[in-house]
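Novice: So the numbering used here is basically just the index in the sequence shown, starting at one, shifted up by 581.
Read the hints as simulated data drawn from the structure, not as lab findings.
Using N, Cα and C, we set each Cβ at its ideal position, and we do this for glycine too.
Check before you lean on any hint, since a few could be wrong.
Said to hold, decoys possible - Restraint ranges, calculated between C-beta atoms of paired labels, are given here:
1) Ala780 <-> Thr961: 26 to 34 angstroms
2) Ala655 <-> Thr941: 40 to 48 angstroms
3) Tyr847 <-> Ile936: 35 to 43 angstroms
4) Pro613 <-> Asp816: 21 to 29 angstroms
5) Ala745 <-> Asn962: 49 to 57 angstroms
6) Ile713 <-> Pro803: 25 to 33 angstroms
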Amino acid sequence: MELIVPLIASISAIIAAIIFALWVLKQDPGNPTMREISEAVRMGGAAFLKREFTYIFPIAVVLAIIIYLALPFAGEATGLAGKISGFSWSDSWKIAVDFLIGAGLSALAGYLGMAVTTRSASRAAEAAKKGIGSCLTVSFRAGAVMGMCVAGLALLGVTGLYIAFGAHPDVVPLIVGLGFGASLISMFIRVGGGIYTKAADLGADLVGKVEAGIPEDDPRNPAVIADNVGDNVGDCAGMGSDVFESYIVIAIAAMLLGYFTFHGSYLWSNAVIFPLLLCAAGIFGSIIGALCVHSGWKGEPMRALNLAFYVTVVVAAILSYIFAGWMFGFGTPLANALLICSILGFIVVVLLEKIADYYTSYKYPPVRSISEASQTGAPTNFLTGLSVGL
Numbered sequence: 582m583e584l585i586v587p588l589i590a591s592i593s594a595i596i597a598a599i600i601f602a603l604w605v606l607k608q609d610p611g612n613p614t615m616r617e618i619s620e621a622v623r624m625g626g627a628a629f630l631k632r633e634f635t636y637i638f639p640i641a642v643v644l645a646i647i648i649y650l651a652l653p654f655a656g657e658a659t660g661l662a663g664k665i666s667g668f669s670w671s672d673s674w675k676i677a678v679d680f681l682i683g684a685g686l687s688a689l690a691g692y693l694g695m696a697v698t699t700r701s702a703s704r705a706a707e708a709a710k711k712g713i714g715s716c717l718t719v720s721f722r723a724g725a726v727m728g729m730c731v732a733g734l735a736l737l738g739v740t741g742l743y744i745a746f747g748a749h750p751d752v753v754p755l756i757v758g759l760g761f762g763a764s765l766i767s768m769f770i771r772v773g774g775g776i777y778t779k780a781a782d783l784g785a786d787l788v789g790k791v792e793a794g795i796p797e798d799d800p801r802n803p804a805v806i807a808d809n810v811g812d813n814v815g816d817c818a819g820m821g822s823d824v825f826e827s828y829i830v831i832a833i834a835a836m837l838l839g840y841f842t843f844h845g846s847y848l849w850s851n852a853v854i855f856p857l858l859l860c861a862a863g864i865f866g867s868i869i870g871a872l873c874v875h876s877g878w879k880g881e882p883m884r885a886l887n888l889a890f891y892v893t894v895v896v897a898a899i900l901s902y903i904f905a906g907w908m909f910g911f912g913t914p915l916a917n918a919l920l921i922c923s924i925l926g927f928i929v930v931v932l933l934e935k936i937a938d939y940y941t942s943y944k945y946p947p948v949r950s951i952s953e954a955s956q957t958g959a960p961t962n963f964l965t966g967l968s969v970g971l
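The whole structure should be built from the sequences, with the hints applied where relevant.
Specialist: This is how it looks when you write it as structure tokens:
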């Protein structure tokens with residue numbers, strides 16, 4: 582019964598991503614020049630990922646075979662065979678399959694997010710002609726596609742495999758392969774895209790500005806298009822895969838804590854499922870919060886983003902209270918302790934957002950001090966920026 586909630590949440594996130602994507606694609610893509618540049622970046626990004634996946638997935642298959650063969654021997658050598666699931670020939674194939682599924686879902690989340698992002702750039706630029714609210718909405722919903730795909734696919738993968746393997750606490754160690762597979766993809770895409778975009782950026786500056794006299798970021802320079810391709814691969818697909826990996830690893834780690842802490846007790850199953858309910862609470866809160874950003878917004882963009890953020894936190898906190906009481910009893914010490922931990926997590930996230938905003942916004946002293954230091958040359962700019970960053 583409890584597992585229905587994370588299943589509904591994950592499917593809801595995927596549906597929300599589809600709705601946001603269709604809405605973004607219905608917007609005006611702009612004039613022919615904007616469409617031409619946007620299409621060049623989109624095609625370049627798709628080609629880059631296709632080539633990268635061509636090399637990554639054969640490696641993933643080889644690693645999955647190694648996992649399948651190595652785990653039983655490790656179980657015999659350490660004495661874990663028969664004590665913890667996964668260290669036997671009858672179970673190691675499940676972790677190997679998890680590894681491949683994690684790699685596939687991570688790649689899918691990154692690809693879908695980048696596919697919408699590369700198509701949204703010209704649409705956001707065209708929407709900017711109507712006002713900041715329209716531009717913000719197009720940009721935000723395009724980004725929300727990535728966020729919803731990451732959360733939805735990750736939670737669906739963890740919950741689905743937990744159910745497929747028997748929906749019993751004993752199977753929790755069998756799903757750890759998801760995290761390893763996701764980590765492989767995130768490392769390749771994040772690092773590969775970053776190296777590519779930096780090389781293209783340097784090439785664009787050297788050839789364009791120094792040799793050909795073309796202004797910076799001029800679309801006539803092919804290296805500028807390549808730079809934008811790298812940005813989308815590394816910062817969109819790469820970041821999506823990176824967050825996907827973190828999301829899955831945190832969820833599985835929390836389930837393992839419940840697995841070992843409450844092993845054999847009557848709360849064993851509830852302790853394992855509770856992290857999935859917290860993930861569901863975050864998804865429901867995010868969907869509601871995302872609706873707060875709309876084209877009618879006329880104030881500063883950060884105020885709209887902060888509103889969506891705070892609504893998400895409040896909704897997730899309320900649902901966390903409900904889920905903690907449902908699983909462990911309202912008012913019990915354990916439920917209260919888990920709720921306090923969840924609330925502390927929300928508070929830390931809010932504080933981190935405020936601290937980051939203070940040190941990166943032009944409204945506050947840190948950024949202004951860096952700007953003032955730049956008047957006396959690059960060395961003072963570097964030293965001031967480094968000190969503020971530290």
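Novice: Do the Cβ positions of Pro613 and Asp816 conform to the proposed distance bound of 21 to 29 angstroms?
Specialist: holds, 27 angstroms
Novice: Determine whether the Cβ-Cβ distance between Ala655 and Thr941 falls within the hinted range of 40 to 48 angstroms.
Specialist: Hint holds: Cβ distance 45 angstroms, inside 40 to 48 angstroms.
Novice: Per the hint of 49 to 57 angstroms, is the separation of the Cβ atoms of Ala745 and Asn962 within bounds?
Specialist: Check passed, 55 angstroms falls within 49 to 57 angstroms.
Novice: Given the hint of 35 to 43 angstroms, is the C-beta distance from Tyr847 to Ile936 inside that range or not?
Specialist: Hint holds: Cβ distance 42 angstroms, inside 35 to 43 angstroms.
Novice: Cβ-Cβ distance between Ala780 and Thr961: within 26 to 34 angstroms?
Specialist: Given a distance of about 30 angstroms, which is inside 26 to 34 angstroms, the answer is holds.
Novice: Honestly, do Ile713 and Pro803 meet the 25 to 33 angstroms range at C-beta?
Specialist: holds, 32 angstroms
In this structure, none of the earlier numbered hints is contradicted; all agree with it.
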